[in-house]
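Q: Dock chain B against chain A, hints included.
Protein chains in written order, with this note's numbering: chain A, 1 to 402; chain B, 1 to 338.
Simulated from the structure, these hints should not be mistaken for lab results. Quick reminder that beta carbons are idealized off the backbone N, C-alpha and C, glycines included. Some clues are possibly wrong.
[Stated by the list, open to error] With a cut-off of at most 20 Å between alpha-carbon atoms, the simulated SDA-like pairs for lysine to any residue come out as follows: (1) K183(B) <-> P161(A); (2) K30(B) <-> D238(B); (3) K58(A) <-> D186(B).
[Said to hold, decoys possible] Quick list of simulated restraints, FRET-style, between CB atoms: (4) Q24(B) <-> S333(A): 20 to 30 Å; (5) S383(A) <-> W326(B): 56 to 66 Å; (6) T86(A) <-> E278(B): 55 to 65 Å; (7) I372(A) <-> K167(B): 46 to 56 Å; (8) S143(B) <-> V135(A): 47 to 57 Å.
Read off the chains here:
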Amino acid sequence: MSSIDARPSGATGSDSRPHVAFWNNPKARGVLFQMLLFLAVGFLAYAAASNAIENLQKQKIASGFGFWNNIAGFDIGQRLIPYETTSTYGRAFWVGLLNTLLVAGIGIVLATLLGFVIGIARLSRNWLVAKLATVYVELIRNTPLLLQLLFWYNAVLKALPEVRESLALPGGAFLNTRGLFVPEPVFGAGFSLVLGALGAGFVAHLGIRRWARRRQERTGQRAPVLAIGFGLIVLLPLLVYLLAGQPLSFAYPDLGRFNIRGGVQVYPEFVALLLGLVIYTAAFIAEVVRAGIQAVSKGQTEAAYALGLRPGPTLDLVVIPQAMRVIIPPLTSQYLNLTKNSSLAVAVGYPDLVQVFAGTVLNQTGQAVEVIAITMAVYLTISLATSLIMNWYNARKALVER
Amino acid sequence: MKKLMMSVALGAALGMVAGAASAQTLNQVKTRGVLQCGSNTGLAGFGQPDAQGNWTGLDVDFCRAVAAAIFNDAAKVKFVPLSAKDRFTALQSGEVDVLVRNTTWTMSRDTSLGLEFGPVNYYDGQGFMVRKKLKIASAMELSGASVCTQQGTTTELNLADFFRANKLKYEVVTFATSDETTKAYDAGRCDAFTTDASGLYSERLRLTNPDDHMVLPEIISKEPLGPAWRHGDNQWGDIIKWTHYAMLTAEELGVTKANVDEQLKSTNPDVKRLLGTEGKFGEAIGLTNDWAYRIIKHVGNYGEVFEKNVGQGSRLKIARGVNALWNKGGLQYAPPIR
Chain A
1 MSSIDARPSG ATGSDSRPHV AFWNNPKARG VLFQMLLFLA VGFLAYAAAS
51 NAIENLQKQK IASGFGFWNN IAGFDIGQRL IPYETTSTYG RAFWVGLLNT
101 LLVAGIGIVL ATLLGFVIGI ARLSRNWLVA KLATVYVELI RNTPLLLQLL
151 FWYNAVLKAL PEVRESLALP GGAFLNTRGL FVPEPVFGAG FSLVLGALGA
201 GFVAHLGIRR WARRRQERTG QRAPVLAIGF GLIVLLPLLV YLLAGQPLSF
251 AYPDLGRFNI RGGVQVYPEF VALLLGLVIY TAAFIAEVVR AGIQAVSKGQ
301 TEAAYALGLR PGPTLDLVVI PQAMRVIIPP LTSQYLNLTK NSSLAVAVGY
351 PDLVQVFAGT VLNQTGQAVE VIAITMAVYL TISLATSLIM NWYNARKALV
401 ER
Chain B
1 MKKLMMSVAL GAALGMVAGA ASAQTLNQVK TRGVLQCGSN TGLAGFGQPD
51 AQGNWTGLDV DFCRAVAAAI FNDAAKVKFV PLSAKDRFTA LQSGEVDVLV
101 RNTTWTMSRD TSLGLEFGPV NYYDGQGFMV RKKLKIASAM ELSGASVCTQ
151 QGTTTELNLA DFFRANKLKY EVVTFATSDE TTKAYDAGRC DAFTTDASGL
201 YSERLRLTNP DDHMVLPEII SKEPLGPAWR HGDNQWGDII KWTHYAMLTA
251 EELGVTKANV DEQLKSTNPD VKRLLGTEGK FGEAIGLTND WAYRIIKHVG
301 NYGEVFEKNV GQGSRLKIAR GVNALWNKGG LQYAPPIR
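Extracted from the complex, chain A is given alone in its bound form (with noise of 0.2 Å):
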């Protein structure tokens, strides 16, 4: 539009405006035309729409989402929420969704420390730390994901002991091929009383830094923030925990005839899709941080040398946050590729997403259409909202002009 409201410079007064037809009106006419272009993008989605679902009845074919309340009749490995074999196809979802979010989530913030490591690494001054760091990017970044995933799925798999041979692992843990069994905690009654003190310590740890920062800004004082927050945030929890009489245990995994029962266990095809992703991402990231780091002026380093500032409150205080400006756009890209590169679980065996809904319940449904549009517009509502806090993010760390 902005470019169609440049007028003539004479013709600003309304009074002045001479009278033109309609169809010589540019304004009117950039109406004209932006209506008739979504009257024809709305007529096609309509025709598609409607001519697929005659096609379907035609060919009998089941249509609509009916589907979503009927029993699924098949089970899935990994769940985060309870699911039987006589739960709905709508449970399915859910349970592939929240197993995408699982590997997303985790996998985002792995890589997210995995990448800062390797980037700020590929500027180490250390000779060999920053060439590992350059042959790390280059390997992962310019070989196949689907490639690493079934590398490591195999690589993991292969590796471990069978179950009658597990490893036991300090504190009660096992590792086979059927993955990693972890003592299961189970909380007692009082357990609610040392989160809610943990909370406690949090907030009182948030709050006690932004007095302390306030106030040597305002006298040059430097407050022990470190050992106050250590003191919140671990000894108080600690303290509430032993008084409300440990309210914390652990059921431990037992060897059965084929598997191991109790615990919780952490299955290989997560593990892989999580590693997988994680270095994968993590190389991208690090071209990210350095690209960030190395678009900081050389003379900012330098002026916080010659304020004597050490190298170490000098990436942290003077580079990284003007880093920072340059970083998350980028970072955001890198986030929402992650996410959706977790649907090749399927390749992994690993019952996200489209594994079990896009997959199995297509199949058995035979709904191909429905099945596709709600997996689209899940995948989409994801990256949207990922979008979404990484732009206010944006905004508050972005340069404030004045």
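A: Same frame as chain A, now just chain B:
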């Protein structure tokens, strides 16, 4: 213009559904000059390409028989490898003309997928394979086991039913292709591997040490495997059905690939009707009257095809069992050609 725009839009947005509406499959196949056959991605004995890209198998020979009946040339088939979960979509969308991919005929598939299922070309049932060193003799001892299977199959559903009905606990790991499933089982991810019994025999040969594995005696389901085609094209359905029946009839009458030319001189009215020297049965299904002669000449009768691909002439060595002809104690029965 409107019509053009509409078809362009639909082609782009929903090519999948637009292409498949009840067009005459036979005409399409004839115009194209080649039959598009949906096959397995690789199941020894049923459908598998070798190193040179030559497809062999029971299901593959069925497609060749259809091509022979139409073109008098068994080579005019293009095999489209499909995973279990993609197969129906490929058929619905018109990507393949017929799906012959050890596919189980079930009521829901027959009624709600817009498909028709044909005569059963292999009667099967689902079984389990385990490692011998587990020392178990029955599937009832599988409580607590983890089981590898392929997703989007009736197998996945039967498995859930079996463990639910017998109140046994288990853990399922599903993969998109049979290849990944077999590899995961071979790597020790699962205690048991389940699929149709015929598939178990075939997949066992692909394991690192086939002799370390055994198939448990239980058959937990009925798996009638056969061809499928799009609902609404009855002429095409007739061709698919009668291709199988012609192969059965030929076996019943003793007409083989080797003696079919000789049999053209037969005075047996049944043989004459089969080979088209009497009557116009081929024209009734839109083909030439020597349609069955072509099938037998190029591919062979059902018994020959069975023995060559999965029976004694193959590595699988599966007995005819329920797949014998009806007059030899089996279930294979063709309606008369008359």
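Q: Please go over all the hints and tell whether each is borne out by the structure.
A: The hints, checked one at a time:
Simply put, K183(B) and P161(A) have alpha-carbon atoms about 16 Å apart, close enough for the 20 Å limit, and the pair holds. Restraint check for K30(B) and D238(B): satisfied, since their Cα atoms lie roughly 16 Å apart, inside the 20 Å limit. Of the pairs offered as hints, the one joining K58(A) and D186(B) is violated, with about 45 Å between alpha carbons and a cut-off of 20 Å exceeded. Checked against the hint of 20 to 30 Å, the C-beta distance between Q24(B) and S333(A) comes to roughly 49 Å, which is inconsistent with it.
The beta-carbon spacing between S383(A) and W326(B), approximately 58 Å, falls within the hinted interval of 56 to 66 Å. A hinted range of 55 to 65 Å for the beta carbons of T86(A) and E278(B) is consistent with their spacing of about 57 Å. The beta-carbon spacing between I372(A) and K167(B), approximately 36 Å, falls outside the hinted interval of 46 to 56 Å. For S143(B) paired with V135(A), a C-beta distance near 48 Å keeps the hint of 47 to 57 Å intact.
The structure fails hints 3, 4, 7 (numbered hints given earlier, in ascending order).
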